[in-house]
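The chain contents come next:
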Amino acid sequence: MQHNIVCFRTRHLDQPWSLENYRSVGGYKQLERILNDKIPPEHILERIKQSALRGRGGAGFPTGLKWSFLSRGKPIQKYLICNSDEGEPGTCKDHDILMLNPHQLIEGMIIAAYVLGTTVGYHYLRGEFWHAFQRCEQAIKEAYQEGYLGKNILGSGVDFDLYNTLGAGAYICGEETALIESIEGKRGWPRFKPPFPANYGLYGLPTTINNTETLASVPVILQHGAKWFAHLGGKENGGSKIFSISGHVNQPGNYEIPLGTPFSELLNIAGGVWKNARIKAVIPGGSSMPVLPGEVMKRTRLDYDSLSKAGSMLGTGAIIVMDEHTCMVNALACITEFYYEESCGQCTPCREGSGWVTRLIKRIEAGQGKPGDLDCLEQIAKGIEGRTICAFGEAIAWPVRSFLKHFRAEFEYHIEHGCCQVAARVR
Amino acid sequence: MSSEEQIIQLTPEICQAIDQWVLKYPPEQKRSAVLAGLRIIQRAYGWLSDERMRALAEYLDLPPMDVYEVASFYSMYERKPIGRYKLAVCMNISCHLCGSDNIIKHLESRLGICMGETTSDGLFTLRRAECLAACTDAPILQVDDRDYYKRVTPEIIDQVLEQLHQAGRKKGRDDAT
Amino acid sequence: MIKFEIDGKKIQAKSGSTIIEAADAAGVDVSHIPRFCYHSKLSIAASCRMCLVEVENGRKPLPACATTVTAGMKIYTKSHQAMQAQKEVMSFLLINHPLDCPICDQGGECELQDLSMGYGRTSTSFIEGKRSIKDKDIGPLIATEMTRCIHCTRCVRFCSEIAGLRELGILGRGEHSEISTYVEHSMQSELAGNIIDLCPVGALTSKPFRFKARAWELRARAGIAGHDCLGSNINIHIKRESDSQPERIMRVVSRTNEKLNETWLSDRDRFSYTGLYHADRLARPMIKQIGKWQETDWETALTVATQKLQNVIAQNGAQAVGGLISPNSTVEECYLFQAWLRSLGVPHIDHRIRQSDFDHQIQSPLVWSTCKCVQSLEETTSFLLIGSFIREEQPLITSRIRKATQGGARVHVINPVDFDFHLTLTNRCIVSPWGMVCSLAAIAQVLFGNDKKKLNIMPKPIAELIRQQKPNTVEHDIARDLQQDKAPLILLGALAQAHPYFSYLRVLSETIAIEIGAKTLHLTDSANEAGAWLATALPHRRIDGVSIKEPGYNAKAMLAKTLKSYCLFGLEPTYDSAYPELARTALQQAECVIVCSAFKNKAMLEYADVLLPIATHLENEGSFVNIEGTRQSFQRSVNKPFAEARCGWKVLRVLANFMGRPGFDYQTVLELSSELSRNLENDLQSEHIPPVDFKPLPTVSDNTVWRCGYWPIYRNDSLVRRAEPLQVLTVEQDLAKLRLGAALATHLKVNNGDRVSVSSDHPDAKPVTLQVLIDQRIADATVCLPSGLPDIAINGPLSVVRITT
Ligand SMILES: Cc1cc2nc3c(=O)[nH]c(=O)nc-3n(C[C@H](O)[C@H](O)[C@H](O)COP(=O)(O)O)c2cc1C
Ligand code: SF4
Ligand code: FES
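Chains as they are written, first to last, in numbering that gives the first Met the number 0: chain E, 0 to 426; chain U, 0 to 176; chain D, 0 to 804.
With the rest of the complex left out, here is chain E (with noise of 0.2 Å):
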């Protein structure tokens, strides 16, 4: 199998980040050669759709077909915006793209830019990428220097101005709306859609956002085909993806693999599950995502399909592995208290939801649950699912869901015998 061949291609380089070892792997040379040989950018665009690249933000949207929406025949100004506000629990991947390999970040940004014809592009950091944000900042100077960025790119003519810009503390400002407010250096509220982005986005210009890892993959792509890249996953889940694995495996980390390879084997390569302990549950694309007992994830390959016939989804690529020790409901409460501490206050079902929620699991685990507390639980989530704004709705509602549909022998013994199951078997 082969690892780290897109966004992490410098890794195995002492100071991957270098720009000097960002050329020696091939780097800004599909800039240059879209630019010297005046590649039409539908043709690049092509390219994108062929290559099946889905956004590796959460929701998995068709690169190439988001690139479409903006129209690039109207004078007005566009943009262009890169999201590295990265928050989702159990996601790490962008930072260390941004750590390990800030150029070519940078040159997909340009070959994005270029295809879609916006000049000026944000590139937007969660606030507590301070070191992450420095080395960008780094890599840009250097661009600039270079003559990748600014007016009249290597002489094409084409311009592109690139900043780096940072939040404060907001999961929401993830959210492509939230992070355009943020931007404006507003509340990270999001936006009623429609309109979408594409039509009213940054200071209500057309705008596309893409997350990192998916900006990042584009000059790959170029190098080495679409059908290459399309090759490496399985249908219409194009290419390689980063895996943050974490919880209980014996080597967390993040691993490039391609699309649809089998959980199992990705859990080898993360050393297996820690203390020899069995695996109980895996929660595979970030917090939000419905969780999925061990034994099912075992069966099921890492891909946007796959992962979707099992029931959850692909989202981000973390994957949270719990062992058998794991208290269900303990693990839910600390997932529905992340979810009430970020909602961003503007809808009554999150708003109020998220709050109750938290406090149903919390009293569950505290053994002060009742009977009918778990069909006020299902009720609840389903009150919120669907009925937001944002998909923070659902965020909060899947894992609730999902815990209950997979555990919920372990949520009634709480509220039974006023303790954990988990527990007192290990005792």
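Just so you know, the hints here were simulated from the structure itself, not pulled from any lab data.
There is no bait here: all hints are sound.
Not the full set, but computed from the structure, chain D residues with beta-carbon under 10 Å of chain E: (1) Lys59; (2) Pro60; (3) Phe91; (4) Glu127; (5) Gly128.
Dumping the calculated DSS-like pairs for lysine-lysine here, alpha-carbon to alpha-carbon at most 27 Å: (6) E:Lys308 to D:Lys59; (7) U:Lys29 to D:Lys402; (8) E:Lys192 to D:Lys86; (9) U:Lys85 to E:Lys185; (10) U:Lys29 to E:Lys192; (11) E:Lys185 to U:Lys79; (12) E:Lys274 to U:Lys149; (13) E:Lys404 to D:Lys59; (14) E:Lys192 to D:Lys2; (15) D:Lys563 to D:Lys291; (16) D:Lys40 to D:Lys402; (17) D:Lys133 to U:Lys79; (18) D:Lys77 to E:Lys381; (19) U:Lys29 to E:Lys150; (20) D:Lys135 to E:Lys185; (21) D:Lys694 to D:Lys459; (22) U:Lys23 to E:Lys73; (23) D:Lys86 to E:Lys381; (24) D:Lys133 to E:Lys185; (25) D:Lys402 to E:Lys185; (26) D:Lys40 to E:Lys192; (27) U:Lys29 to E:Lys185; (28) E:Lys140 to U:Lys29; (29) E:Lys381 to D:Lys59; (30) D:Lys59 to E:Lys192; (31) D:Lys258 to D:Lys371; (32) E:Lys140 to U:Lys23; (33) D:Lys40 to D:Lys13; (34) D:Lys485 to D:Lys453; (35) E:Lys369 to D:Lys129; (36) U:Lys104 to E:Lys274; (37) E:Lys361 to U:Lys104.
Yeah, the Cβ is synthetic: ideal placement off N, Cα and C, and Gly gets one too.
Here the structure of chain E is known, so what remains is to put chains U and D with the ligands in place on it, guided by the hints.
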């Protein structure tokens, strides 16, 4: 007709640093620099006082409420004085599975404070952090919104505290960027 | 138009309408979609999620307030899916909301209460602790109980979008977010009270009304607001008489009139009722006997008044009597006032108590204003505003202009103080009162200064003034912008009206308007200026519109000449007149002063001989004519005005009866109104009036200092001056300072905090000692010292003053 309150001015260095950010955005979108402005001020003084936020609003030509709303929305902004060092421990699922509870207990007992409080010597404030995007290196401690300490154990915590204790005696804050 | 279906009924709507707009337009019998955050006058938030409806083939329910209708759409507002969604949102709203409606001040008029009844399901399943939030003190008008807040953000959007002031915001995040002013302080907006109406729950309620009555104990009567020239429509809420208390006005709220106030109301109109039962209120007629006041019955009081007045007339002739009436009086009162006095032969009748320059009055139009432009304000793209603190004078007209500016309209201002209007101004000429005239002349010069023909037909001093100007870039800019605009609007405010060269401002602005095809509108800071003109409470014109050859004295002259007797109606000249010093002297020296008033004051008790208590506009009947010339009638809200007070028209009628005047036999106000209407409908023909001479240009030396003496919003008339919650907002110590710019301060060699004395520019004027406050907003050669304040009586709100250090 009122408006006679004395207005606190931002220092030239802070203004300069903010100007660098203003340049990143279209000229009519100075508001975009609010987040950066708040961060710069917080970096310089440790926290955001009402007067300084008002001064920032003035500097960026905004109603003060625009600034206050932002300052209260984002969790990295401190609107009350805090300790010289902010210790933030991630408590979300990956870190939780890897024992962040113990780390917090250890910190609480070492510092003699509870989550959210500041030590009596004004050196440390303990904070809950939401997922810091380093889940594969759980559990995580972040100091002063910048430096990550990965896979922390009570022993590592002790070392970090010792280091910060030493350094903390030296006065002053670093760059205002 | 787009065709679609709601709940199986075929409907049409304008393309681009949202589902909720279309449903509301179709009427409640089609469907009523529940909502909290949606408000037709505010931007769309789509955040409460109460309005979720099912749309055929939709994946999930959609918010009706934010979803636009498309052709053929099938919408279900009562389907299982829709009801399920609405019910669940309701249960989310209730978990953190106190369920103690019986003790909530909003009980009985709460949108949440009403809606939750409809859904039946209470959230009994919620047993976790409820969130509680600390209440905020946001001033004397609005009580907060933020635990009840459902985060609909209507109030926040109102403040920034309509009031133009980002006073309220959402602080914090998620469940912890709170609506608040950041630093606790009183809200500054003069429209803040509207958030009481907007708040769908009991989080924001009226502080003065708090716990005074329950909604169902009140009956509502329609009324017309009486503090500015818009004629806002109001509902007056009255608590029925009980054993312990007579019938009382408990509250005033807005009544929708899209043409005028939309759904809003200014705080002045909303809270002035709190002054109704002030200790100063005149409860019974009073007469002064050998220097001592005593309450008496109407019969006695009227007899005394009649005798005294008849005595003066017998001895000195009717020429020795003057009549001043407040422009806040009804048309009927103005009409009877002048009819009564004229029937006695009294020639000196006026309502223009704030005017200083009456030149050219004969030439002024018969009707005050014919420009129907309130509704079109929002579409106007260029404004020239002359002499007005418009935000305080006309809060709601300002909000319409604000909306225009949000759409890109330009507003240019000529003012002696750089007042803050909470709206974006394009150009500002901040100049001394005389400078205002010059700036306007400079604009005229840019527009037609080279056209000899046009200048030659103008009155000489005005033509000369235009020629003298050297327009600066701002004046050039304004002129260009007005010229290029399709339909600019020139607004003259209360400061223009009080200007010692008002006639110049008027002629100049009209000349400019004609030149560029603009409309002009005179904004007055009284409720019925236009009505008072129509009813000819004026010295120079008869009710049939014919001008009087030898007019009586105007409001200023009447006071300057110290007549033997004065009849005052509805005003307190020592506060309300442009000439408070003159007023005090003249009234004190007069032999007989008869006052019809709702309130007494100290000075009044010194100068008056008979006090006849009358109704305030909230208790009165009659009509007001607003700035657009619309006459709005209103009936008595209460069975009878306070204590022994009577409606003003009745008092005037009976006075006429007592004096044996024929023809004053009206039984009802309607009779009177219809007679008046007949009179007014008679073709009012403007006669040709030969031009009169204008007064010459003033000599302005380097040392001339002008005063800007605007009337602060809550010092404007008798009733608001007694509305205590509004007075709390008026910090007198702040107002009673002499504000001036740094340049003038240097010139006068004074510093912040120094005490100086100020007086009008005549030899025996009494100086007032005041603290200096340096304020960059004041024009050169100008000091700002408001009018209508106690113990500060200086003649001439915009005239030359003397300052001694
Ligand atoms: C609550 C929420 C949080 C999100 N956080 C992130 C994030 O941290 N990073 C990210 O790339 N996308 C995030 N997304 C997804 C973005 O909205 C958006 O779909 C994505 O940036 C598009 O990029 P892609 O098409 O390249 O995936 C989030 C979405 C939601 C609803
Ligand atoms: S769903 Fe939650 S996070 Fe998303 S906009 Fe609504 S309140 Fe904010
Ligand atoms: S009324 Fe539509 S979401 Fe609130």
